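Here is how the chains run, residue by residue.
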Amino acid sequence: MRLRHFTFLLPTVLIFIAAAQTISAQSLDISSGGQPTITGAVNGSVTGSASVLNDLVVTVDFGEVSPLNTNTIVKVVVPIALRSNQPYQVSVSVSGLNNGNVQALQASDIGFGLQNIRKLGGAGQDCTQSTHIIRSPFANDPALNAAIGGNGRVTYASSLANISGSTIILSGPVLSKNNSIKRQQSDGYVFDAVFTLTPQFFSAGVSSATLVFSISSGPNVPC
Amino acid sequence: MPRQTSSLTKKSILLLTFLMISAVTCLGQSTTGTVNMSATVSKFVEINSGGAVTLTGNSGGGVTTDGVANSPLAVSINLGELGPGNTNNFVTAQVPLKLRSNAPYVLSMTATVTNSGTTASRIGAADVGFGLGTVSRSGIGVNTTGADTNATSGDPTLAANGSVNATTGRFEFTGVRSNLNAFSSATTALSGPIIMNAVPRSNANGLTVPAFFAVKPQFFENGTTTISVTFTVTAP
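Residue numbers (my numbering), protein chains in the order written: chain P, 3 to 225; chain U, 11 to 246.
Simulated from the structure, these hints should not be mistaken for laboratory data. Keep in mind the model is a prediction, meaning the values are calculated, not measured. Take every hint as true, because none was put in to throw you off.
For each label pair, taking beta carbons as the anchor points, the in silico distance ranges come out as: (1) 149/U with 139/P: 28 to 34 angstroms; (2) 78/U with 133/P: 53 to 59 angstroms; (3) 52/P with 86/U: 52 to 58 angstroms; (4) 104/P with 149/U: 15 to 21 angstroms; (5) 39/P with 240/U: 38 to 44 angstroms; (6) 156/U with 166/P: 30 to 36 angstroms; (7) 157/U with 212/P: 36 to 42 angstroms; (8) 186/U with 102/P: 37 to 43 angstroms; (9) 102/P with 180/U: 53 to 59 angstroms; (10) 153/P with 184/U: 43 to 49 angstroms.
Interface residues of chain U toward chain P, partial, derived using beta-carbon atoms under 7 angstroms: (11) 42; (12) 44; (13) 46; (14) 48; (15) 112; (16) 206; (17) 208.
We put the CB at the ideal spot given by N, CA and C, even for glycine.
Next comes chain U alone, as it looks inside the complex (with noise of 0.2 angstroms):
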């Protein structure tokens, strides 16, 4: 009998407990609940105009289509005389470029140089000087730590950077990758770390760089050229 009693005694209080809990469940309250987020940050790379085009030393010509800072780049330039009737020493462009990042990037140019001429005289690549300029990280937001590696021999006018071939007599640009002909592939010209801090896009800073072109005025055969250029920032 005091068995019988002990074992309906345990099954009365897991019954108890079991009721217990399922009335407090059955009210389905809580006194907490949860809100888990999430957000994703890709790498982020872009161009743009760095504002107005710089033509200089040119004979007839002009900037036909001038760049708008903060725009996309869609530059167009009219180079002019480019013969011994230009007695200017050179003929030279400065593009300026912005470039904004939220991870190191990579600047690499593609060129393509196309004459009407039909001689080893006629314009080509090898005689489109090229460089970019000094680098300028200012303004806020814009990150200043680490370096930019200028992958080319800066301004191509500069007397290191070109002279007369002895033997051919033709102005050649001898830096490295200071002509279009070193840019018949994608190559890189400029390369550096993070631009942009932790700001939104509104915010106008980045990076900017003149671009070079030049042209020394020769005995070129006459005829018209045609010089395509584009350039493509990436975040490897």
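Isolated chain P (complex conformation) (with noise of 0.2 angstroms):
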């Protein structure tokens, strides 16, 4: 009895993890896309992984931001890694930054952009009939485009203040050649999130904030 029943058993067992196997074969996937990196941080720090193997868990000190810090601004870039067999969406949604004061740090003081879209590791999906597209206004090194405003503050063409709810940042088609089930050192595609702070008369504190980049089906474009 016990042999018919595990005769039974074994192919279902194979079929459910075969099952389990192609559902998620179809999954999408987010993960560390390189080490992050920090320039012109004052006491600042960039913490996580540089494998792309390893999840997406980042954490950003950009340190002294006050007029202590003489530099021009601090960059943080964190490349992010994507990886799916259909088409894909990324959105982020930012919490945690409340200041009521309003000299002090915001969500418009720290930019935010998208930038250097890139095969990971050399391999992925080849589409010829749609391209990622970074959604507007993030396509930009805010770096490069800082500026300083009326009221004298350093304004950004992209923001965490462009964030409302879960915004839409990338979409594109299929990211990954081959229907592998676990994550790969290449196929897929890797882009940098930049973020930047320029130091200012900030009225004095810490702040911080918490950024959560998300994968799922995105609009049905051909490959």
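Fit chain to chain and form the complex, with the hints in mind.
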């Protein structure tokens, strides 16, 4: 009797595993795209995995951003890897930056842009009928697009203030060439999320924010 | 027998669930990632020169090291002749100061006066008038909310701030904190609210205020006098 059950269960289990893999193979994946970097910081740092096989978990400390930091700008570049075998979209949400004092650090004081979309590890799906589109206004390096506003405060072409709820920042056709069920060193795409903060006479204090990047099924564009 | 079958079915379901979870977990895929960020803004204050020194009423002397706007304050002034040979009413040096902060500030001052003379008629700290003039907060990026408190009596040459002592005949600066004797140790001269809004350091605006130093030429004991003044701004 037990042997009969076993002989019944074994193929059943294998079928379920195969089904799970098939379902997951249709999945979308976001992960670290490499080692994040920081420049222009005083007592600042950025931590995150250099391996594209690891989850995207990055901690950015911009450090001192009062005029005690005499650098022109603090810039952080976070590579983010994407994989999918279907059209996708990437959205981001931000929380935690709620300074009531307008002279304190605000969402608009943190420049945020995307650039440098490239194949992950040199391999990825080549689509000729659709392109990967960075949604407006995020297609820029905020460090190169900082300006002084009418009130003397630094402004950016795009910033965290442009994020409202879950905001789509990127979309496009299928990303991966192979139907792999596991994260690969290659076969996908990676882009750089760029964050900037210009030291200014902000009101004193410590500010923090959390950004959540999500990948999901996107507009059904052809490859 | 039915009980055995039921037990086996439960075990099978558990096994299947476990295997399904394991299969998905092994894929190591995720649809979300997080970036946590933080930044620190410390209190910041600074004092710089507000521009060139103005020296008036002097006989001889001159500005040895002038002030340069937005550069560290390091001014050197030769007040010239302070005896009766100088027939002007006062020798006055006006030194522009520029303050900037992202927090409420306090400007204090310490002064020392040394003289080669040996008698009571030598120039002393009380013979050097001092005061801060009109405070100006103007320009893009400067906070104009709130009021600054001038702890001095302003221009020491004003009639209200000094007069000849009817008994000794010596001219005295009598206003509140109107001479350097009041600043033998660090003493507040000016205080106020945040000076700068959230603008970068490259913004050259700030709070400007003239510091007046004045000496009434008199029959002081002859000799040389050195006056040293240090301004310090803090964010308590």
